[in-house]
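**Q** This note's numbering numbers the first residue of the sequence shown as 4 and each following residue consecutively.
By construction, these hints were calculated from the structure, which means they are not laboratory data.
Source: prediction; values computed, not measured.
Mixed in with the good hints there might be a few duds.
Cut-off 27 Å, straight-line C-alpha distance, at most; resulting in silico cross-link-like pairs (DSS-like, lysine-lysine) [as the list claims (entries may be wrong)]: (1) Lys253 x Lys666; (2) Lys279 x Lys221; (3) Lys407 x Lys465; (4) Lys430 x Lys452; (5) Lys345 x Lys462; (6) Lys77 x Lys66; (7) Lys525 x Lys508; (8) Lys152 x Lys122; (9) Lys46 x Lys32; (10) Lys245 x Lys35; (11) Lys462 x Lys425; (12) Lys307 x Lys362; (13) Lys265 x Lys245; (14) Lys283 x Lys222; (15) Lys462 x Lys478; (16) Lys132 x Lys725; (17) Lys222 x Lys279; (18) Lys65 x Lys77.
DEER-style ranges, computed between Cβ atoms [unchecked claim]: (19) Ile563 x Arg482: 42 to 50 Å; (20) Asp669 x Glu406: 50 to 58 Å; (21) Gly733 x Asp659: 40 to 48 Å; (22) Asn172 x Arg281: 24 to 32 Å; (23) Ser209 x Ser622: 52 to 60 Å; (24) Arg360 x Gln294: 57 to 65 Å; (25) Ser471 x Asn532: 38 to 46 Å; (26) Ser209 x Ser366: 44 to 52 Å.
A virtual CB, placed ideally from N, CA and C, is assigned to each residue, including glycine.
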Amino acid sequence: MKLLFIIIVTLASNTSFSQESIGILVLEKVNKLRDSLHLNKLKYDRTLEEAGIDHSYYMADKKVLNHFQTTFSKETPSERVLYYNGNRTYVGENIASTPVKWKNKGVFDDTLIAESLFKSWLNSPPHYKNMTHTDYTKMGLGKWTSSEKILYSAQVFSSNEIILPQAFNNSELSWGVRPSEFTCKDEPQTYETMFFANSVEVSGHSVYLYFHDLDFFKKVIQNDNDGLAIDVILREQLPCNKENQFHVSKVYDGEMQRPIYKHDIFRNNISDNPKKIRVKIGEVPSYLRNQQWEANVIIINDNKLCDYSYPVKVPSSVIPLLHFSPYFEGNDTNIENIETSKIHIHDSIHIELSYERSKGRFSSLNEDGMFKLINWGNFINQIDVNCYASVEGAKWYNLQLLEKRESSVLELLLQANYDLSKVNISKAENWSMMNSQISEHSLAQLESKNESQLKYWIKKNKSPFLDSLLFSQRKTHIRAVFDTIIEVNTYDNYLFASSYASNFKFDDLPWNKILRENHILKDEEIDPNIIDSLYSNPRLKTNLLGASSIGKTPGFIDSITMLNLLQEVNTKSARQVFNYANLVTRYWYFKYAWGYRTKGIATTLSPNDLRELVNKVDSSQIRPQDLARLNVNILLAGIHYYVAHNNWQPVEQYFDAIVELVKAEDFSSEEAEELALFCNHFHKFEQAVEILHPFHQENKLSEDGYFYLAQTSTLIREQLNKEDYYNYMGSAKKANHSRYCKWLNDSFQIQRDEYIKSDFCSECH
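Work out the full structure, taking the sequences as your base and the hints as a guide.
**A** Written out as structure tokens, the structure is:
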């Protein structure tokens with residue numbers, strides 16, 4: 004809400020039979036002063052005069068000189084203006100007291116009184132600032148005398164009258180919710196409720212609030228008179244040609260909808276997740292149809308304003324962990340010097356593809372043959388393909404059909420990663436099979452017919468039996484023969500060879516070399532079944548941990564295998580500890596990043612213990628950039644770990660630690676942008692801005708990065724240096740002008756900031 008009180012202590016004026024004359028005399032002097040400074044002149048305003056008379060009487064009655072009353076609804080200058088039906092964004096007040104000046108008996112000397120008041124304000128810097136403030140367009144003055152013949156005066160200033168949208172039905176209704184002297188953020192728990200409005204969802208005519216953390220939500224809404232309300236804001240309330248047209252109420256800015264309180268909120272929670280809340284908090288007013296509007300959220304504590312939240316959508320994401328390669332050990336002489344076995348294999352593969360009538364793509368194939376082709380294709384030197392069409396139908400049509408079937412076969416071989424240069428393919432109508440079928444089934448009436456006559460006969464004599472013959476003719480045959488000697492030195496070769504001979508032992512394979520060259524160096528995932536078979540060999544531990552951490556493998560390792568794999572890690576080996584930490588980190592990520600279930604997941608070191616273990620290793624054996632990224636990954640996955648275990652204290656510390664690591668180490672702008680999105684996902688907006696700020700200073704962000712920074716900083720702009728914030732916004736505009744304008748138009752409440760609105764109005768219209 005934008006309420007600016009420029010309230011300054013003053014001296015006095017009077018109220019008698021001639022309220023307006025002294026006010027007009029003072030206004031003339033004020034305007035002469037403003038004119039000398041090339042400022043707009045003020046206009047005299049009756050509403051402000053009424054507010055001034057009210058407060059002058061109060062001061063005279065109480066014999067005090069201050070800006071505040073104990074009267075309900077008239078405590079401040081702004082509330083007094085509102086009480087007399089003035090809806091003004093900016094309100095200020097000067098006050099003064101002075102002995103009464105008499106022109107003659109019973110008649111005030113208006114000129115002397117006006118001169119005395121004006122001089123007292125002119126010679127006081129705070130009062131002078133009020134009289135020359137650029138936000139003010141109107142002035143009114145009230146006065147009243149006390150029994151001691153002391154005149155009290157209140158000079159009231161304001162901006163123009165706010166004109167709220169005509170569509171509003173209850174623009175003066177706050178439903179009994181009162182302003183508060185402090186917000187819930189001032190309390191020790193420091194509730195971060197600024198993003199509540201980002202959690203508003205509209206479905207049909209209903210407005211829902213979805214929030215991801217029920218425990219936090221219950222800290223905000225914990226008493227019977229705690230609740231929420233929607234404040235509807237229309238786009239037309241932020242026009243380019245005048246100040247923002249917000250209601251001056253300290254509770255709402257547009258039109259406040261009926262609040263919903265604690266018991267109804269929790270009674271109507273419809274979330275399927277016991278840790279989250281989704282509740283209907285209002286109805287969409289009918290006047291919003293065909294309007295550009297947003298729903299702000301009023302947070303209520305003890306039936307008083309606790310906080311006010313309007314939507315500023317920020318991009319966020321659960322990012323993948325940072326990428327780096329595992330470390331590995333060289334040859335293990337106890338294993339690698341074993342003489343590998345060789346086997347001579349001669350075999351063939353035959354795959355049949357079946358086609359329905361007039362179809363270019365096959366409907367089925369024999370999967371066993373396809374499995375062999377995919378897994379053993381590197382042993383095959385050549386593939387022969389015979390692609391057929393049944394003899395029915397026109398020849399020209401069958402030729403087109405054969406082209407399509409050839410394409411479907413080549414596509415299949417490409418999916419099997421087979422080299423098409425080694426493929427020989429032929430296409431034909433299957434007359435050889437037709438002739439064999441005539442002979443086999445003793446179809447004497449067809450023996451003497453030529454091809455044209457047969458095509459005509461088939462067309463005229465359809466039957467299920469004939470359909471079965473034609474179906475067989477349409478089959479495509481893929482044939483491959485391999486004749487090779489295989490050296491059993493890889494897992495794939497072992498699988499291939501063991502299907503032909505049984506004298507090969509799994510443990511005899513050079514596993515350190517396989518893990519290093521086939522998985523770590525190629526960055527290829529390993530079969531979890533291999534992990535289960537090798538975890539007990541301590542000589543393979545470093546390479547096995549490294550291979551196990553690649554790709555999505557950690558997500559498929561069951562809890563028992565995981566625990567077995569992590570046994571007997573050599574904590575004195577920096578490489579082994581590095582791979583160990585990398586695997587555990589990735590295991591946490593796959594198990595916790597997409598859900599908070601802890602059942603059935605291996606019990607490992609805690610993230611804090613893992614960080615301590617990594618910090619103890621000899622860092623000279625690990626590249627600094629790898630160590631930095633490993634530490635960030637431990638923090639990232641550790642956050643998911645601790646959230647799943649409902650332990651939020653380390654989470655706060657981990658976000659700060661991520662910021663410090665990115666500042667201290669050499670991270671890329673792409674990595675920084677991803678980490679900022681991760682911070683936003685957990686509503687750590689300050690940390691996101693801190694991560695991106697140095698990259699902004701060095702002009703290293705991508706277009707998206709500049710917008711991430713601008714969008715995130717907008718949500719917390721009150722906490723930022725204004726110059727930094729405006730620089731972030733300017734950089735986003737420079738990165739993509741049209742995208743910037745569209746963003747500010749769609750999220751129009753960003754223009755609550757007058758500087759941003761002025762820039763939007765001049766740059767985007």
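**Q** Could you work out which earlier hints the structure fails to respect and list their numbers in ascending sequence?
**A** 1, 5, 11, 12, 13, 21
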